[in-house]
Amino acid sequence: MDSKGAVANALGVSLLGFEPTEVSPRLFAMAMNTQDSLREYIRLFVRIPLITSIGPLAKMFDFVASAAPGVKEILAVGKLCWEVREKNYDIVIVDAEASGHIVAQIEAPRTLTNIVQVGLIRDQTKWMQEILHDSSRTGVVVVTTPEEMPVVETIELLDTLSAKSSVAVAAVVANRVSGDIFTDRDLPLFAALQAFAGSQQCTAQQQALLTAPLSAVEIAVDRRTHAVTHLALLAQRLRSPSIPLVVLPDVAVNQHNPRQLNEQLAAALSEELS
Amino acid sequence: MTQQLDSSQLLSMLDSSKLLVVCGSGGVGKTTMSAALGALAATHLHKKVLVLTVDPARRLADALGLQAIGNAVVQVDAKAFKEAGVVPQGQLFAAMIDTKASWDDLIHRHAPTPAIAQRVLANALYTNLTERFVHSHDYIAMERLYDVYQSNAYDLVVVDTPPSRNALDVLDAPKRMRDFFDSRLLQLLTTPAQSRVVSLMSKPFFQVADRILGARFLTSITEFFTLFRTMEKGFVERANKVESVLRNTDTKFAVVTTLEVAPAFEAEYLLTELQSRSFLLGALIANRVLPLALANQTSAALANDRSLVGPETLQAAAAAAGLPAPSTQQCERVLATLWKASQDVVAASAVEQSRLDKLSHSCSKSGANVLTAQYVSGEITDMKGIVALGESLSGR
Chain A
1 MDSKGAVANA LGVSLLGFEP TEVSPRLFAM AMNTQDSLRE YIRLFVRIPL ITSIGPLAKM
61 FDFVASAAPG VKEILAVGKL CWEVREKNYD IVIVDAEASG HIVAQIEAPR TLTNIVQVGL
121 IRDQTKWMQE ILHDSSRTGV VVVTTPEEMP VVETIELLDT LSAKSSVAVA AVVANRVSGD
181 IFTDRDLPLF AALQAFAGSQ QCTAQQQALL TAPLSAVEIA VDRRTHAVTH LALLAQRLRS
241 PSIPLVVLPD VAVNQHNPRQ LNEQLAAALS EELS
Chain B
1001 MTQQLDSSQL LSMLDSSKLL VVCGSGGVGK TTMSAALGAL AATHLHKKVL VLTVDPARRL
1061 ADALGLQAIG NAVVQVDAKA FKEAGVVPQG QLFAAMIDTK ASWDDLIHRH APTPAIAQRV
1121 LANALYTNLT ERFVHSHDYI AMERLYDVYQ SNAYDLVVVD TPPSRNALDV LDAPKRMRDF
1181 FDSRLLQLLT TPAQSRVVSL MSKPFFQVAD RILGARFLTS ITEFFTLFRT MEKGFVERAN
1241 KVESVLRNTD TKFAVVTTLE VAPAFEAEYL LTELQSRSFL LGALIANRVL PLALANQTSA
1301 ALANDRSLVG PETLQAAAAA AGLPAPSTQQ CERVLATLWK ASQDVVAASA VEQSRLDKLS
1361 HSCSKSGANV LTAQYVSGEI TDMKGIVALG ESLSGR
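Protein chains in written order, with our numbering: chain A, 1 to 274; chain B, 1001 to 1396.
Derived from the structure by calculation, the hints contain no laboratory data.
A couple of the hints might just be wrong.
Reference excerpt, derived from the structure (chain A facing chain B, CB under 8 Å, subset only) [claimed, not checked]: (1) Val7; (2) Ala8; (3) Gln129; (4) Ile181; (5) Leu189; (6) Gln201; (7) Ala212; (8) Ala220.
Glycine is no exception: its CB is placed at the ideal position from the N, C-alpha and C atoms.
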């Protein structure tokens, strides 16, 4: 659903379009474009290809796709469900809208069912809902980081999904979780060294060596301590009903290249799931 | 290298602005930064400042005194500033945006008669459009912004834009509303049925639309849009005014980001798009940045003779702290971890600085202030933290 090319950047390709691109063997990527989606819809279902090439009418349909509220959501979700229904791919992964919008997006077919009583689109929302509401075929994966705001938002999103949506949550992924810097056994020794470095027992030369590295590592330890607290809160929420939590390491620490970062993350994910 | 922070430049930018639109991707601390910029302006400038936010985290809302849902504006208690150790020269106000209530207000305002307003409010489509669909939030955010701007009740309004995957959707919302009323579609939908038949151009459209949506829905949507169209004048005028406010010289944009790969990528996109649309960029703010000075000092310290600190140093430290005597092996492990972890921090800082350089370059022509806020432990959940964040930005 990304219009700014973040997925293309991560996959190391130039901008993606509506037509899927094979970015690596058996991996295809596309960027959602509701105007193209509408054209495809009309071509596939209304079977009047000519209509989309008539200037003023094409403009009118472009307007429907980009401006009329709700059309964007149904066109996007409809396109995804179509790819699933036609079995064009073994799995369709969607980089979805921001968390505040996701329920409106995935429940767009149900919303339309409530407001459109007859017609082609109503019939189609039925099979879209069958796909979306079947937990063996569709699942939401909520991705978060081990910080207060993202964890609070994740918990709120899980509550909203459970209250307002029939789409199952497949997993929660906690990304960029840095590991323990020191073991529980070694941590008191690190604290003792911090105190020592500030004391008169410590020589000036030792201080020159220790002060900055200790402060730098204190930041890393502090981040880890907070991450543990927030992850514990998240894990508690995921206990009932039980939702798998996948924890991924912070591979971005020294990684500058988006594609390599993506590959490292994929390897970490593969290891975590094996 | 990145531009050095200059506090007077930031205050001068805030002083010359009447509206500051804060953009950025989710999770970068945009709401907290909006509050911090508001607090900074209220502290140092004789101004009435309003921070307008969409959906703040509960603890941040509490910090600002926003306890209830609704559009009400609350003043941040001067005591909160006192507790934060500053005496504000101005006043700080905060408000949330309640989308549904704001839409209802708009309908009441633009409907030609109270009866039409009631019919619109009671329409099932209206509820669906305003509550369930994504872009209604964007439009309302711009509407509220215009409301408070033109009321002249505040000298500076800081707007925390809604969390949108594409932050620019918010800025495009007034244009979309205007296009909507200008559109042929709306004209067609609101043309009486008998006239439609004679229109050669509209016939194929209605055939297709009937088939997809069903005649009944088309009738019901037609009714709704016919009612909605009675408010065209008001909505279009407002959309034009909102757009012109966004382009005023006293309206500035600030992009907030962290220096991680994904937020930095989105910030780069935002900077480019804002400038290509000729919006005035006031500041680029990198949040939660590893302290550069500390990274440099760490790098320099690591060049020292590390044998100056050995197992015996840790054993002395343990004794001073009253810990049991650690083994030589444990001491070596702790020291190896210390050196490795500090090198990691230096490397991470270098990556951050290189991303900041790239972002600074992207907005170098705009003259925007490039600011950083250093990493602070934990989340900011009170006025003390908000004030401190603003002050750290201004370099005070």
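For each hint, the structure was consulted:
Annotation: valine 7 of chain A was flagged as interfacial toward chain B, and the flag is violated, the nearest CB pair being 11 Å apart, outside 8 Å. With a cut of 8 Å, the hint placing alanine 8 of chain A at the interface with chain B is violated, because the nearest CB-to-CB distance is about 10 Å. The interface hint given for glutamine 129 of chain A is broken, as the beta carbon of that residue sits about 15 Å from the closest beta carbon of chain B, more than 8 Å. The interface hint given for isoleucine 181 of chain A is met, as the beta carbon of that residue sits about 5 Å from the closest beta carbon of chain B, less than 8 Å.
A least Cβ separation of about 5 Å between leucine 189 of chain A and chain B falls short of the 8 Å threshold, and the interface hint therefore holds. For glutamine 201 of chain A, the shortest C-beta to C-beta distance to chain B is roughly 6 Å, which falls under 8 Å, so the interface hint holds. A hinted interface residue such as alanine 212 of chain A counts as satisfied when its beta carbon comes closer than 8 Å to some beta carbon of chain B; here the least separation is about 4 Å, so the hint holds. A cut of 8 Å between beta carbons decides the hint on alanine 220 of chain A: the least distance to chain B is about 5 Å, and the hint holds.
Consistency with the previously given hints fails for numbers 1, 2 and 3, ordered from lowest to highest.
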